[in-house]
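Protein chains: 2
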Amino acid sequence: MLAMLGAGVVEVAAARTMADVLAASKPTDWRVLDPANTLYMDVPGGRVVIELAPQFAPRHADNLRTLVREGYFDGQEINRVQDNFVVQWGGGHAAKGRTLRTARETLPGEFTRPAKGLKFTVLPDPDTYAPQTGFVDGFPAARDSATGTAWAVHCYGMVGVGRDIAADSGGGTELYAVLGHAPRQLDRNATPAGRVVQGMELLAALPRGRGELGIYDKPELNVKITRVRVAADVSASERMVLQVLRTDTPTFEALIESRRNRRDEWYKVPAGRIDVCNVPLPARVISTGATDGAGG
Amino acid sequence: MLAMLGAGVVEVAAARTMADVLAASKPTDWRVLDPANTLYMDVPGGRVVIELAPQFAPRHADNLRTLVREGYFDGQEINRVQDNFVVQWGGGHAAKGRTLRTARETLPGEFTRPAKGLKFTVLPDPDTYAPQTGFVDGFPAARDSATGTAWAVHCYGMVGVGRDIAADSGGGTELYAVLGHAPRQLDRNATPAGRVVQGMELLAALPRGRGELGIYDKPELNVKITRVRVAADVSASERMVLQVLRTDTPTFEALIESRRNRRDEWYKVPAGRIDVCNVPLPARVISTGATDGAGG
Numbered sequence: 101m102l103a104m105l106g107a108g109v110v111e112v113a114a115a116r117t118m119a120d121v122l123a124a125s126k127p128t129d130w131r132v133l134d135p136a137n138t139l140y141m142d143v144p145g146g147r148v149v150i151e152l153a154p155q156f157a158p159r160h161a162d163n164l165r166t167l168v169r170e171g172y173f174d175g176q177e178i179n180r181v182q183d184n185f186v187v188q189w190g191g192g193h194a195a196k197g198r199t200l201r202t203a204r205e206t207l208p209g210e211f212t213r214p215a216k217g218l219k220f221t222v223l224p225d226p227d228t229y230a231p232q233t234g235f236v237d238g239f240p241a242a243r244d245s246a247t248g249t250a251w252a253v254h255c256y257g258m259v260g261v262g263r264d265i266a267a268d269s270g271g272g273t274e275l276y277a278v279l280g281h282a283p284r285q286l287d288r289n290a291t292p293a294g295r296v297v298q299g300m301e302l303l304a305a306l307p308r309g310r311g312e313l314g315i316y317d318k319p320e321l322n323v324k325i326t327r328v329r330v331a332a333d334v335s336a337s338e339r340m341v342l343q344v345l346r347t348d349t350p351t352f353e354a355l356i357e358s359r360r361n362r363r364d365e366w367y368k369v370p371a372g373r374i375d376v377c378n379v380p381l382p383a384r385v386i387s388t389g390a391t392d393g394a395g396g
Numbered sequence: 101m102l103a104m105l106g107a108g109v110v111e112v113a114a115a116r117t118m119a120d121v122l123a124a125s126k127p128t129d130w131r132v133l134d135p136a137n138t139l140y141m142d143v144p145g146g147r148v149v150i151e152l153a154p155q156f157a158p159r160h161a162d163n164l165r166t167l168v169r170e171g172y173f174d175g176q177e178i179n180r181v182q183d184n185f186v187v188q189w190g191g192g193h194a195a196k197g198r199t200l201r202t203a204r205e206t207l208p209g210e211f212t213r214p215a216k217g218l219k220f221t222v223l224p225d226p227d228t229y230a231p232q233t234g235f236v237d238g239f240p241a242a243r244d245s246a247t248g249t250a251w252a253v254h255c256y257g258m259v260g261v262g263r264d265i266a267a268d269s270g271g272g273t274e275l276y277a278v279l280g281h282a283p284r285q286l287d288r289n290a291t292p293a294g295r296v297v298q299g300m301e302l303l304a305a306l307p308r309g310r311g312e313l314g315i316y317d318k319p320e321l322n323v324k325i326t327r328v329r330v331a332a333d334v335s336a337s338e339r340m341v342l343q344v345l346r347t348d349t350p351t352f353e354a355l356i357e358s359r360r361n362r363r364d365e366w367y368k369v370p371a372g373r374i375d376v377c378n379v380p381l382p383a384r385v386i387s388t389g390a391t392d393g394a395g396g
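Those protein sequences? They're chains A and B, same order as listed. As numbered in the working numbering, residues 101 to 396 make up the first sequence, in order. As numbered in the working numbering, residues 101 to 396 make up the second sequence, in order.
Same shape as in the complex, but just chain A (with noise of 0.2 Å):
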């Protein structure tokens, strides 16, 4: 349904807001999230739920799980908020003492992939760093036909792993969430453990470190980490019931659409255009789980 206006402006009669969008969507266009591929980190201010993403980096994906099963991360802490980047934990001065049982402490890094074998929903609008962005399985990302590489882009709320000068020196005992405007410069240079789905407010209120790189400057200020779970291990009752928009539908295209061209009467001038760390992601929680008094 096209409207002919003056001046050969054309618009979208049915045209639609994110609400309508998401309103009319089917239960397809909607997955619950892996409790294999799922996280519950929980922190003093309650639950942080990361989604990993072994479509990408399957060995440190791998390497998590077992770094999560063997407790590692249960007490290690929050060490950096450096504002307008991002939020670390585990690894350095706070591992100290502590030893891996079956987990790596290093892999080669995983900072792209064969482009070949993703399903990628491709965004139209041009991007400052790269070739190509788009979405695969829920991550944003982007890819170079020149070199046939896809990765997964540092929008807000990506989890990465840290990692010394050298790129093997990373292995997902240190981790980073980014907090601020898209750190693209970090794409291909770092492994994407996976991104935040849920409680990234939790993170990005903390305070920030007046040390350098946003380093607590007294070890008293770290944030403890209470524990960290792969969903998997959770009880069923006790497991919380995650869904995420689907990015290889028409529903989720129709998302897209509805925000490139924000049809709030609020806006003057519709932008056009969007960012692949513009689009949001949406998630719902169906049943939060059984009370289990972790997260505070």
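Just to be clear, a hint being listed does not mean it is correct.
No copy is singled out in the list; a pair is fine if it fits within one copy or between any two copies.
[To be verified] With a straight-line cut-off of 30 Å between C-alpha atoms, the simulated DSBU-like cross-links for lysine-lysine are:
1. Lys216 with Lys324
2. Lys368 with Lys216
3. Lys219 with Lys368
Since the hints were derived computationally from the structure, they do not count as laboratory data. A quick note: this is a predicted structure, and the numbers were derived from the prediction, not measured.
Since the structure of chain A is already known, use the hints to place chain B on it.
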């Protein structure tokens, strides 16, 4: 000094990091904030310093000075903190019962302005949203030769004028600051009030509101603003002397290049490009001013 490496790769031997660029900067590369265009907003955690943007919104800058001088913001509240979007204060219910004196309640929106007359430092990299981006007097900006207009860009720390549906329904009694990934859809839809030059981390670390749009669902959660002053109205001995790197110099061009292609050993793949909102705008405190008991 260029060195030829194997396979035709040319590397700039003298490539510098941002720290190198800043260390080599001259006093003339910096400007002292104009006290007439500087606001001190004292909140429980300390002081937020805002530089007004009269280049982009002269009537609003005037009105903001008047509102501040008439005490409009003293005791007002931050009542909205929406994760990955904005923190907002003033106006709304917090303004109830408050009468304006000579300040205007509303003004016509100053969303864009003629590009002509602005000294525009061009960023050569492509942008998703605007035909061209760059910097004007320390503000991230964009312009469009087709319309001959320019506007301030909604990067992290940008302060904008809240309004209702009508384009002329804002005036400065309600303000917001961007605390997440640049919501570029606001560009050309909101009047720029200024930019947080220092203290953004105090706003960014506030607890997120649990109500719709991140509004605090209980009024007692609102964060009281102790007072707001124009720096020019503060005695010279009490005034903070803050310098900001100029954006119209070869030093700033070198800074952009140092961030476009990071030479730190940590980076394995330089991005080769940079988003206007990822270019740092360094500030340095020359003198904090005499303690005046404000800001906690």
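Against the structure, the hints come out as follows:
1. Proximity of Lys216 to Lys324 under the C-alpha cut-off of 30 Å is found in neither arrangement, the shortest distances being 40 Å within a copy and 54 Å between copies.
2. In the homo-oligomer, the alpha carbons of Lys368 and Lys216 lie at most 30 Å apart only across protomers (23 Å), although the nearest pairing inside one protomer, at 41 Å, exceeds that limit.
3. With identical chains, the CA atoms of Lys219 and Lys368 are at most 30 Å apart between copies only, with a shortest distance of 27 Å across copies and 35 Å within one.
Of the hints listed earlier, the one the structure fails to meet is number 1.
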